Amino acid sequence: MDRLITTYAQLMLAYAPEKVRASMEKRGHGKLWKRTLRKALLLAGKSTARTEPVVILARESDKQKHAENIAKSGGAEARVAIDASIVGGFILQKGFSRIDRSYKTALHTLYKKVTA
Amino acid sequence: MSIIETIKKELENISTDTQAEEVGVVSAVSDGIVEIEGITAAQMMEMVVFETTEGRSLADTLAPDSAVIGLVLNLEEDLVRAVVLGESHTVREGMVVRRTGKLLSIPVGEGIVGRVVSPLGATIDGKGAVTGETVAMPIERVAYGVMERSSVNTPIHTGIKAIDSMIPIGRGQRELIIGDRGTGKTTVALDTIINQKYEPKETRPLCIYVAIGQKQSKTANIMRILEEAGAMEYTTIVSAGAGDASPLLFLAPFAGAAIGEYFMQKGKDVLVVFDDLSKHAVAYRQMSLLLRRPPGREAFPGDIFYLHSRLLERSAKLSAELGGGSLTALPIIETQEGDVSAYIPTNVISITDGQIFLETDLFNKGVRPALNVGISVSRVGSSAQTKAMKKVAGKIRLELAQFRELEAFMQFASDLDEETKKRIDSGRAFTELLKQKQGNPQPFYKQVVSLFAANSGYMEGVPVSQIKKLEDDFLNYIEREHAQVLSTIETARDLSDEVQATLKTAIATFKETYTA
Numbered sequence: 001m002d003r004l005i006t007t008y009a010q011l012m013l014a015y016a017p018e019k020v021r022a023s024m025e026k027r028g029h030g031k032l033w034k035r036t037l038r039k040a041l042l043l044a045g046k047s048t049a050r051t052e053p054v055v056i057l058a059r060e061s062d063k064q065k066h067a068e069n070i071a072k073s074g075g076a077e078a079r080v081a082i083d084a085s086i087v088g089g090f091i092l093q094k095g096f097s098r099i100d101r102s103y104k105t106a107l108h109t110l111y112k113k114v115t116a
Numbered sequence: 001m002s003i004i005e006t007i008k009k010e011l012e013n014i015s016t017d018t019q020a021e022e023v024g025v026v027s028a029v030s031d032g033i034v035e036i037e038g039i040t041a042a043q044m045m046e047m048v049v050f051e052t053t054e055g056r057s058l059a060d061t062l063a064p065d066s067a068v069i070g071l072v073l074n075l076e077e078d079l080v081r082a083v084v085l086g087e088s089h090t091v092r093e094g095m096v097v098r099r100t101g102k103l104l105s106i107p108v109g110e111g112i113v114g115r116v117v118s119p120l121g122a123t124i125d126g127k128g129a130v131t132g133e134t135v136a137m138p139i140e141r142v143a144y145g146v147m148e149r150s151s152v153n154t155p156i157h158t159g160i161k162a163i164d165s166m167i168p169i170g171r172g173q174r175e176l177i178i179g180d181r182g183t184g185k186t187t188v189a190l191d192t193i194i195n196q197k198y199e200p201k202e203t204r205p206l207c208i209y210v211a212i213g214q215k216q217s218k219t220a221n222i223m224r225i226l227e228e229a230g231a232m233e234y235t236t237i238v239s240a241g242a243g244d245a246s247p248l249l250f251l252a253p254f255a256g257a258a259i260g261e262y263f264m265q266k267g268k269d270v271l272v273v274f275d276d277l278s279k280h281a282v283a284y285r286q287m288s289l290l291l292r293r294p295p296g297r298e299a300f301p302g303d304i305f306y307l308h309s310r311l312l313e314r315s316a317k318l319s320a321e322l323g324g325g326s327l328t329a330l331p332i333i334e335t336q337e338g339d340v341s342a343y344i345p346t347n348v349i350s351i352t353d354g355q356i357f358l359e360t361d362l363f364n365k366g367v368r369p370a371l372n373v374g375i376s377v378s379r380v381g382s383s384a385q386t387k388a389m390k391k392v393a394g395k396i397r398l399e400l401a402q403f404r405e406l407e408a409f410m411q412f413a414s415d416l417d418e419e420t421k422k423r424i425d426s427g428r429a430f431t432e433l434l435k436q437k438q439g440n441p442q443p444f445y446k447q448v449v450s451l452f453a454a455n456s457g458y459m460e461g462v463p464v465s466q467i468k469k470l471e472d473d474f475l476n477y478i479e480r481e482h483a484q485v486l487s488t489i490e491t492a493r494d495l496s497d498e499v500q501a502t503l504k505t506a507i508a509t510f511k512e513t514y515t516a
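So the sequence lines, in the order shown, correspond to chains A and B.
The opening position of the first sequence corresponds to residue 1 in the numbering used here, with each subsequent residue numbered one higher.
The opening position of the second sequence corresponds to residue 1 in the numbering used here, with each subsequent residue numbered one higher.
To be clear, the hints were calculated from the coordinates, so they are not data collected in a lab.
Computed from a predicted model, the values in this text were never measured in an experiment.
Any given hint could be a false lead.
Said to hold, decoys possible - Label-pair distances were calculated between CB atoms; the ranges are:
#	chain 1	residue 1	chain 2	residue 2	range
1	A	Gln64	B	Lys127	52 to 58 Å
2	A	Gly28	B	Gln216	49 to 55 Å
3	A	Leu13	B	Gln216	47 to 53 Å
4	A	Leu107	B	Lys102	22 to 28 Å
5	B	Thr6	A	Ser61	30 to 36 Å
6	A	Ala84	B	Ala67	21 to 27 Å
7	B	Lys127	A	Leu13	53 to 59 Å
Quick reminder that beta carbons are idealized off the backbone N, C-alpha and C, glycines included.
Can you make the complete structure from the sequences, with help from the hints?
This is the structure we're talking about:
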């Protein structure tokens with residue numbers, strides 16, 4: 001059932017929703033319309049999130065500090081998100097590709113190597 | 001190297017490149033199963049790490065064992081499904097997932113002997129980490145091929161007369177222990193482990209007891225029994241309790257096999273007990289249904305046979321070129337109401353090299369171990385018996401088979417001829433002789449002496465209720481007066497004519513002076 005709804009939802013992202021609905025009614029799957037619509041909205045939100053590049057910084061002022069490195073990594077047009085827990089540095093994420101130059105990850109890796 | 005120096009060295013070597021890495025993102029979490037988008041190049045059984053450090057302070061992320069690991073089990077078109085091996089409540093939708101590029105493995109070293117570990121190799125006996133160097137042994141491994149093996153010809157003694165005489169097990173064999181609940185299956189396995197303390201240290205098998213889906217109290221009790229018997233010094237317990245998630249129950253026997261293979265590759269003999277594979281099959285079914293794999297017969301996945309066949313095929317007797325080590329498996333299966341024709345029991349029966357049937361009726365009648373020798377078999381047979389045992393064990397099976405045939409007949413016949421009465425009395429005496437108390441395995445040299453005496457007729461005329469006392473008194477007499485006989489049989493593993501003559505004289509002397 002989940003797979004069917006996901007397939008219909010993916011079709012809705014590619015084709016006109018009315019056409020997809022008509023096709024579902026024809027196949028006797030009209031009752032799944034609301035769930036399919038919810039799933040399609042979810043997929044649409046996710047796919048945007050997946051493709052839009054995001055750069056995560058510890059504070060607003062780090063944007064200037066790391067601007068050169070961020071631009072070198074292809075994140076010049078990326079949306080900025082602030083997460084103080086990364087301590088410093090930056091994380092650039094685009095889709096399923098990630099460049100992690102945060103101080104937290106570096107310190108965490110150092111800690112694991114030293115205590116191993 | 002001090003910690004400061006280590007830190008300085010690591011800081012000097014810190015990489016400043018900005019190379020992108022492929023990561024996945026959790027798209028759904030449910031019942032310990034995680035759907036991950038993005039890491040489509042992941043391998044089957046690859047470990048992935050969930051980035052639980054996101055949003056948490058540095059101090060929180062430095063807590064020990066804070067990493068949550070997943071195991072990739074489904075490779076689908078747009079996503080992979082992984083099972084969480086740990087606290088699944090910490091995994092959230094949108095979390096970043098990193099590939100490790102490594103297949104699941106367990107750290108094994110000499111220090112794992114005598115310890116209680118989880119299927120992932122973490123110690124759970126409260127005695128700290130495993131000491132010494134460890135090697136990452138793969139949980140899943142292809143079994144050794146035909147040419148890498150040699151024939152099974154060395155016995156592994158269980159200490160149970162009925163098994164060692166009539167259903168002998170060899171090193172490298174798979175012998176199934178099957179029966180209903182409460183028939184003594186675990187007891188047979190534990191007695192086998194305890195009996196290994198009578199083996200010389202150089203040839204003593206290392207033992208691994210894999211507890212799958214058992215109550216923690218039962219596992220703790222088993223550990224106590226083994227400690228009291230002095231068996232924990234050569235035994236490792238791998239425990240995945242009833243409260244653990246089904247992926248850990250699924251991995252437990254494979255972890256036990258991986259530990260066994262580490263020692264087998266070093267030329268040692270290993271005994272692995274899987275207690276029990278019925279619970280293992282149920283856990284695998286649960287995991288497969290959650291992974292949306294199509295259910296087959298009794299809702300088990302289609303590869304349930306392969307699950308057990310690839311596990312048990314890892315038992316082997318290696319060739320001399322590979323060190324000559326062996327891995328003997330004693331899988332346990334629990335039946336329901338004696339139904340050995342059910343799905344999982346028939347699967348495992350067809351995989352193993354023999355089975356030991358334990359029956360509730362026999363157990364309730366007081367025949368313990370409740371072994372049905374008529375339908376129990378060892379396909380390796382006398383190749384896995386010492387010469388001494390072969391000489392004394394040949395007659396017993398026939399005696400008991402004839403006794404079983406007559407047992408039903410004698411309830412109705414009131415007037416039996418002398419020959420029939422003799423066979424019935426002999427059968428009853430042998431049945432009584434083969435009974436053994438729990439936790440009381442007998443070394444093989446004592447078994448040989450006991451059976452030799454029984455074959456020579458020293459039980460004739462002795463009431464059945466006195467047979468066990470007769471045996472105990474006779475063995476004490478031999479230990480006292482003819483200890484060299486026992487040591488000769490132990491070292492030579494044969495019954496020479498000289499030893500037989502000594503024993504005949506000893507039996508005659510004992511009978512003359514014996515009063516019950």
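Hints, verified against the model:
no. : hint                              : verdict
1   : Gln64(A) x Lys127(B): 52 to 58 Å  : 53 Å, holds
2   : Gly28(A) x Gln216(B): 49 to 55 Å  : 51 Å, holds
3   : Leu13(A) x Gln216(B): 47 to 53 Å  : 49 Å, holds
4   : Leu107(A) x Lys102(B): 22 to 28 Å : 23 Å, holds
5   : Thr6(B) x Ser61(A): 30 to 36 Å    : 33 Å, holds
6   : Ala84(A) x Ala67(B): 21 to 27 Å   : 22 Å, holds
7   : Lys127(B) x Leu13(A): 53 to 59 Å  : 56 Å, holds
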